[in-house]
Amino acid sequence: MNKPASSSINRNAPPSPLPAGPGLRWLWIVTALLLCALCVHVYLAISAGDAAMKGALLGGLAAAGATSLGTVPLLLSRSYSQRFTDTLLGFGAGVMLAASSFSLILPALNVASDQGAGPWGAGGLVGLGILAGAGALFLIDRLMPHEHFVKGVEGSRSRAMKRAWLFVMAIMLHNFPEGLAIGVAFAGPDSVGARSLAAGISIQDLPEGMVVALALHSVGYSKRLSAGIAILSGLIEPVAAVLGVIVLGLSAALLPWGLAAAAGAMLFVISHEIIPESHRQGHEAWATGGLMAGFVLMMVLDTALG
Numbered sequence: 167m168n169k170p171a172s173s174s175i176n177r178n179a180p181p182s183p184l185p186a187g188p189g190l191r192w193l194w195i196v197t198a199l200l201l202c203a204l205c206v207h208v209y210l211a212i213s214a215g216d217a218a219m220k221g222a223l224l225g226g227l228a229a230a231g232a233t234s235l236g237t238v239p240l241l242l243s244r245s246y247s248q249r250f251t252d253t254l255l256g257f258g259a260g261v262m263l264a265a266s267s268f269s270l271i272l273p274a275l276n277v278a279s280d281q282g283a284g285p286w287g288a289g290g291l292v293g294l295g296i297l298a299g300a301g302a303l304f305l306i307d308r309l310m311p312h313e314h315f316v317k318g319v320e321g322s323r324s325r326a327m328k329r330a331w332l333f334v335m336a337i338m339l340h341n342f343p344e345g346l347a348i349g350v351a352f353a354g355p356d357s358v359g360a361r362s363l364a365a366g367i368s369i370q371d372l373p374e375g376m377v378v379a380l381a382l383h384s385v386g387y388s389k390r391l392s393a394g395i396a397i398l399s400g401l402i403e404p405v406a407a408v409l410g411v412i413v414l415g416l417s418a419a420l421l422p423w424g425l426a427a428a429a430g431a432m433l434f435v436i437s438h439e440i441i442p443e444s445h446r447q448g449h450e451a452w453a454t455g456g457l458m459a460g461f462v463l464m465m466v467l468d469t470a471l472g
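Mind the numbering: the sequence shown is residues 167 to 472 in this note's numbering, read in order.
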């Protein structure tokens with residue numbers, strides 16, 4: 167979600183298309199086969215009455231739909247000031263921060279206590295889970311080739327990939343923890359809290375979809391391609407959501423770890439991506455106001471629904 171540094175952009179050069187060619191043929195084939203297998207598994211689980219899988223899929227699809235809906239202003243040729251955009255980014259950060267706290271960390275502590283851990287044990291377990299989730303995303307951020315809107319190209323072998331694909335990878339890194347959080351929440355015992363988390367993530371995905379599409383368009387991509395990349399980025403959320411349910415279904419002991427790791431990954435995205443992006447143009451006060459509003463809205467939503 168970050169705008170590339172000026173030194174890494176040739177603004178007069180036409181944007182590169184998404185990657186294609188024989189070198190990536192097997193990657194697309196394997197990915198398609200894995201997605202088909204995942205779809206079959208999800209269908210069978212829902213047919214068997216798996217409420218967690220159904221809730222995770224619907225929650226992930228709602229978040230993806232909200233991301234897609236956020237691209238509409240760009241397609242309608244609406245433009246917004248940078249201050250308004252930064253305020254929306256701050257709002258999304260606030261929603262994610264509250265969701266991490268009230269819908270993931272607190273339930274993780276409760277589940278750990280219910281499983282027999284004492285106060286120190288539960289706190290230590292959840293703390294390690296948060297660090298593990300953030301650390302995992304940090305390693306992926308370092309190793310996976312992608313391009314941010316601010317920091318430019320990062321990751322190994324990034325120069326060999328097309329810029330549009332690098333943007334997709336960066337946005338997917340941002341959205342994967344959100345989908346995972348939805349999945350692990352529905353895998354837990356609090357279905358009402360899981361629905362509030364899914365609702366909160368969907369709310370923040372509305373401005374996020376708009377910001378991503380506008381940012382891509384601002385660096386030279388067409389409106390349709392910018393909207394398409396933003397929509398594509400949202401599709402990782404239902405995939406991550408059902409993966410979260412599948413992994414946590416292996417053992418109930420993994421639940422507090424999964425909740426905490428999802429929270430840690432989201433906290434990493436907030437600190438590493440959203441807040442720096444919202445502050446880079448000198449609109450820190452507006453971005454902070456948006457963060458406070460988003461945090462309070464998500465807190466009230468979680469409390470009211472819970």
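These aren't lab readings, by the way, just hints derived from the structure by calculation. A virtual CB, placed ideally from N, CA and C, is assigned to each residue, including glycine. Please note: incorrect hints may appear among the correct ones.
What the hints assert, rightly or not - Using C-beta positions, here's what the derived DEER-type ranges look like:
#1 K389 <-> S247: 52 to 58 Å
#2 C202 <-> F304: 43 to 49 Å
#3 Q248 <-> R308: 26 to 32 Å
#4 G289 <-> L241: 43 to 49 Å
#5 L242 <-> A419: 37 to 43 Å
#6 A214 <-> Q248: 47 to 53 Å
#7 D280 <-> W194: 51 to 57 Å
#8 S388 <-> G293: 41 to 47 Å
#9 G284 <-> K389: 36 to 42 Å
#10 Y246 <-> A470: 40 to 46 Å
#11 Y246 <-> A418: 32 to 38 Å
Of all the hints numbered above, which does this structure not satisfy? Sort the numbers upward. 1, 2, 5, 7, 9, 10 and 11
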